[in-house]
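Colleague: Following the hints, put chain L in place on chain F, whose structure we already have.
Heads up: the sequence lines are chains F and L, in that order. Counting with our numbering, you get residues 1 to 321 for the letters of the first sequence. Counting with our numbering, you get residues 1 to 321 for the letters of the second sequence.
Incorrect hints may have been included.
Any copy will do: because identical chains look the same in the list, a pair fits if it lies in one copy or spans two.
[To be verified] In silico DSSO-like pairs for lysine-lysine, Cα to Cα no more than 30 Å straight-line: (1) LYS129 to LYS17; (2) LYS152 to LYS289; (3) LYS129 to LYS152; (4) LYS17 to LYS152.
Calculated directly from the structure, the hints in this document are not laboratory data.
There are 2 protein chains.
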Amino acid sequence: MSAGEPAVLSLDIGGTKLAVGVVTSDGAVHGLLVEPTRREQGPDAIISRLFGMGRSAIARAGLEVAAVGISCGGPLDSTRGILLSPPHLPGWIDIPLGDMARAEFGVPAFLENDATAAALGEHRFGAGKGVSTMLYLTISTGVGGGSVIHGKLHRGAAGNGGELGHVVVRPGGRMCSCGRRGCLEAYVSGTSIAERAAEALASGEVSTLADADPLTSVEVADAARADDQLARRIWDETTDVLGQAVTDLVNIFEPELVILGGGVTRTGSMLLEPVAEVVGRDAMPPAAKSAQVVLAGLGDVVCVAGAGVVAFDALTGANHG
Amino acid sequence: MSAGEPAVLSLDIGGTKLAVGVVTSDGAVHGLLVEPTRREQGPDAIISRLFGMGRSAIARAGLEVAAVGISCGGPLDSTRGILLSPPHLPGWIDIPLGDMARAEFGVPAFLENDATAAALGEHRFGAGKGVSTMLYLTISTGVGGGSVIHGKLHRGAAGNGGELGHVVVRPGGRMCSCGRRGCLEAYVSGTSIAERAAEALASGEVSTLADADPLTSVEVADAARADDQLARRIWDETTDVLGQAVTDLVNIFEPELVILGGGVTRTGSMLLEPVAEVVGRDAMPPAAKSAQVVLAGLGDVVCVAGAGVVAFDALTGANHG
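Next comes chain F alone, as it looks inside the complex (with noise of 0.2 Å):
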């Protein structure tokens, strides 16, 4: 790499963790940094520690960026610059993250819903090159999805590219962050599979996670692998409803692809698996021939280079259709 390589500060803003880098057009990430959001902090410190993230990342990249490209769960108003009021990010409203961004580091920002630029990301440089139609879900803090429909990243009116994760898939189910009742990302979210595996042991469940502190999807999945009983039932309502809502959205769109993606993905083929059975099963017979379900090619930085896309998108014109 040389100072003169093209090169844009991506910033990843998730629930759990903030992740930046610089990325250039060949889709590699420098000086990646990750940290806990610790969203307790509010919006004001988190965007300033987030700044400063990003000032080190330029640095320890040695590469002049040409913009900024922000990833955060949606709603939000690409178009504007603008954060609304994402669930993952209580407090979070009306933030101009846009114009922030431009004001610290002097170049055009861009921000985009993050499964949004997720998928962008894996189309370009991921699971997803070469294909015309995929959906992307990302399956984290929430849970989002973003699609790529006739090779083009798909917006929506919105703006927000489809809100993947709040489909009902229980109706009259568990509250979603949202306000809505029975969404998918209330029954496959990281923090919805802890929260039932806690509810599960609240009302006396006997369990190995019992111990578990604190108790995250990543201690379900890995007490399910180790054939806990409440952990395997959580785990495989979770992969059930998954794999029922990846169903309707294989029959919804006929994808070539679907890619899986963000933090509850690590655990691998034991979520991949019995998805892709459910989704091979039940989808309608043409459309489940012609899909399949992978997982993210470009694994934890999925977001960073995909919000990395999206600035050199914005730069030479593409994909604003």
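Modeller: Just chain L, lined up with the frame of chain F:
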């Protein structure tokens, strides 16, 4: 109109009726003929009758046709022109409708999912003119859907363009014709509305519908309008389930427009208003704000007009990207 005007023959095979007409490039339908399908006759007799209607429509329109467009419920293989095994036409297995129509009429023939064709018809000539992202839902004998994304018909990798009727709205609920339980189609199709009313009557509930013969969704809607308690309950359940499913689709696609068409939508505002109300209330706020829910602009000829657009586009190579 003149004998030299470009025209195509449209054949629409519904579960309840066959509709045939000659479509000119302005979207006008000439020599329209409509007959009951009489499903019990089986594919050979029905296709022979359908082709006879086609010959009559051409004679009545006084136009030469350059192609045949055929719309039918899926699943089907539009590339090869083969009807696979549509749930609304039991016994129609692997019917090579494209080849049959080409042999009959001596011109190229193109088969398309009926809701996909209708989506295209509405986008070109109906309520969706000029719109970038729109969904079309047909609420008829069955429930199907189609979408236009980035101004272009979405065919999907399996060529059915999305089976919007086969998303689960009630997990473990009513058996659907597709073999899965709890699909949207199993709750809001005309068939289901009538069946659920008949089941409630059979369980001994008192209703003015006891005298209806045959008992169809039209009678249920009429009785609901006259405040029959049983009919009202069935109707409210129908519009609520449909509203929730459209809410999911609005969250998923963030469309500018959702168009409702098909026989059941002849009930007009009685269907549209409660559905639009649920979407406005329950969809993610940015998506709800961006999406309008309206009735089909082409009414009963939406599939015939749509199959015409399919044929015109196939002749010119449009929408085959």
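Colleague: One pair to classify: LYS129 and LYS152, alpha carbons no more than 30 Å apart. Within, between, both, or neither?
Modeller: both (12 Å within a copy, 21 Å between copies)
Colleague: Which holds for LYS129 with LYS17 at a C-alpha limit of 30 Å: within a copy, between copies, both or neither?
Modeller: For LYS129 and LYS17, only the intra-copy Cα distance (27 Å) is at most 30 Å; the inter-copy one is 44 Å.
Colleague: Is the C-alpha distance from LYS152 to LYS289 at most 30 Å within one copy, between copies, in both cases, or in neither?
Modeller: Both ways: LYS152 and LYS289 sit 23 Å apart in one copy and 24 Å across, limit 30 Å.
Colleague: Indicate which option fits the pair LYS17, LYS152 if close means a Cα-Cα distance not exceeding 30 Å: within, between, both or neither.
Modeller: within (28 Å within a copy, 38 Å between copies)
Of the numbered hints given earlier, the model fails none.
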